[in-house]
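Visitor: One-letter residues, chain by chain:
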Amino acid sequence: EDQVTQSPEALRLQEGESSSLNCSYTVSGLRGLFWYRQDPGKGPEFLFTLYSAGEEKEKERLKATLTKKESFLHITAPKPEDSATYLCAVPWAGGSEKLVFGKGTKLTVNP
Amino acid sequence: GAGVSQTPSNKVTEKGKYVELRCDPISGHTALYWYRQSLGQGPEFLIYFQGTGAADDSGLPNDRFFAVRPEGSVSTLKIQRTERGDSAVYLCASSLYGGAGQPQHFGDGTRLSIL
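From first to last, the protein sequence lines stand for chains A and B.
Numbering of the first sequence is given in this note's numbering, commencing with residue 1 and proceeding in unit increments.
Numbering of the second sequence is given in this note's numbering, commencing with residue 1001 and proceeding in unit increments.
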């Protein structure tokens, strides 16, 4: 069974305090790993796709990296507006296009 | 429209009633997905359409749930004989061509509450 595990479940940071979120996966034959941001009452907003180990992508204060077993979302000098739940997802290995999501990390950045 | 549009944004109904949830995908996107999200959980897959046909309906929990996409654009998720356990946020997503490596773009969902 494919599994995606995110840690920590919740993270509180002070503004400017950098940290990382973790997403580990057990799916074999990875066909991509997706990071999304979700604000309360909104749908997930696409951030990044990573396809192979060693790949990195950046957007403003966020950088996503990928290894063979896990992905990290690094947040550099976060601001209060970065507060959200961050979800990672992988395509199910059985050939379908469905995404299997982790439970997310709820990030709170205090001013 | 610019993004995925879902209506209604909120739906409250009584147990046993029938509900329809609508999804209008991004223009030109051929692939459409339905997910369900409970509080504190990630979205859970329900069904995937490529064009007009359901390519994968393995996530539908039982035969009370049904979805259609008759013209390959708008989709409707239908739930019969609703139960309190059906309460959740129902999310719709679309992608340009489908395919596992393509990002899925989500709407803001319909929050369904069964009393």
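To be clear, the hints were calculated from the coordinates, so they are not data collected in a lab.
Just so we're clear, the structure is a prediction, and the values are computed from it rather than from any experiment.
Every residue, glycine too, gets a C-beta built ideally from N, C-alpha and C.
Be aware that one or more of the hints could be misleading.
Which stretches of chain B does chain A cover? Using the computed rule of at least three CB atoms under 8 Å from a CB of chain A, they are [claimed, not checked]:
(1) 1039 to 1049
(2) 1073 to 1084
(3) 1096 to 1109
Listed below are the simulated EDC-like cross-link pairs for lysine to aspartate or glutamate, each with C-alpha atoms no more than 16 Å apart in a straight line [claimed, not checked]:
(4) A/Lys42 / A/Glu17
(5) A/Lys103 / B/Glu1044
(6) A/Lys42 / B/Asp1057
Derived DEER-like restraints, expressed as beta-carbon distance ranges [as the list claims (entries may be wrong)]:
(7) B/Val1068 / A/Ser18: 43 to 49 Å
(8) B/Thr1030 / A/Glu9: 34 to 40 Å
(9) B/Val1012 / A/Ala53: 43 to 49 Å
Visitor: For each hint, tell me whether it holds in the structure or not.
Guide: Here is how each hint holds up against the structure:
no., hint, in the structure
1, 1039 to 1049, "holds (count 7)"
2, 1073 to 1084, "violated (count 0)"
3, 1096 to 1109, "holds (count 11)"
4, A/Lys42 / A/Glu17, "violated, 26 Å"
5, A/Lys103 / B/Glu1044, "holds, 10 Å"
6, A/Lys42 / B/Asp1057, "violated, 24 Å"
7, B/Val1068 / A/Ser18: 43 to 49 Å, "holds, 47 Å"
8, B/Thr1030 / A/Glu9: 34 to 40 Å, "holds, 36 Å"
9, B/Val1012 / A/Ala53: 43 to 49 Å, "holds, 47 Å"
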